[in-house]
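This is what each chain is made of:
Protein chains: 2
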Amino acid sequence: MPRKTKDESGRYAYEGLDRVLHEKARLGIMTSLVTRPEGVLFTELKRLCALTDGNLSRHIDVLQDAGLVEAWRGSDGGRPQTLYRLTTEGRGRFVAYLEELEQVVRDALPKAAKKPERAPDLPPGFQPA
Amino acid sequence: MPRKTKDESGRYAYEGLDRVLHEKARLGIMTSLVTRPEGVLFTELKRLCALTDGNLSRHIDVLQDAGLVEAWRGSDGGRPQTLYRLTTEGRGRFVAYLEELEQVVRDALPKAAKKPERAPDLPPGFQPA
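Residue numbers (the working numbering), protein chains in the order written: chain B, 2 to 130; chain S, 2 to 130.
Certain hints may be false.
Which copy? The list can't say, so a pair holds if one copy fits it or any two copies do.
[As the list claims (entries may be wrong)] Once the Cα atoms are required to be at most 27 Å apart in a straight line, the calculated DSSO-like pairs of lysine-lysine come out as:
id, residue 1, residue 2
1, Lys47, Lys112
2, Lys47, Lys115
3, Lys25, Lys47
4, Lys47, Lys116
5, Lys112, Lys25
Think of the hints as simulated: they come from the structure by calculation, not from any bench.
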């Protein structure tokens, strides 16, 4: 039988993968904002993340409600614009999340990238389900 | 104004973050399976990922429907058991996903981990939204 791993309870639970951040569109938004501390306009964010207006608004709302992103209103050449930035808390939580992602990559990538010669034998008596 | 990034359309869209895999519980399941190519029993997988029976079943179904995981039935000391393994396709898609995660970490972590002295000035005329 496969080896027992009783001492590894929750080893791959990845509790640090915050559900607010572990979402593809929000991860792109947070990365855009962290690389541009001066702030990013709505229209630029749309382009960087390849999102529609509706999707970007929806995900920004989630991040603002969680206190991770702040919004500022002004204008760019006379047109009303909204500028977004990470909050201090947002940056801190994003660092913690990224460190957990780094752990996932370290746990999995070396094993995944090494192609097995052939599939290991099954335990005796096991059949396709 | 923040600098323009017209040449970076979709820079942070992360199209490689497969939605089947970019889910916390499924990421734990895939990592458990990739580190144990001989297969993992349902009960072990529950423990490694700290999931309930219901949640584990639901997420395994998603992974099986996508062709990433295969199941084998047998018994362990007389009790019926199911053993799970990655399929060849599952391992390949997981590698591609992990490489994209690695890219996210490379894009964001160095910037996020460097605490700014103080918040950069806002463009003139911007007010809290």
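message: Within, between, both or neither: how does the pair Lys25, Lys47 come out at a Cα-Cα threshold of 27 Å?
response: Both: 14 Å inside a chain and 25 Å across chains, each within 27 Å.
field: Status of Lys112 relative to Lys47 across identical chains (alpha carbons, at most 27 Å)
entry: Intra 36 Å, inter 21 Å, cutoff 27 Å: inter-copy only.
query: Checking Lys47 and Lys115: alpha-carbon separation at most 27 Å within a copy, between copies, both or neither?
result: Cα proximity of Lys47 and Lys115: across copies only (25 Å, versus 37 Å in one copy).
message: With identical chains, the pair Lys47 and Lys116 could be close in the same copy or across copies; at 27 Å between alpha carbons, which is it: within, between, both, or neither?
response: So Lys47 and Lys116 pass the 27 Å test across copies only (26 Å; inside, 38 Å).
- request: Evaluate Lys112 and Lys25 at a C-alpha cut-off of 27 Å and name the case that applies: within, between, both or neither.
  value: Close inside one copy (24 Å) and across copies (19 Å); limit 27 Å.
When each numbered hint is compared with the structure, no violation occurs for any of them.
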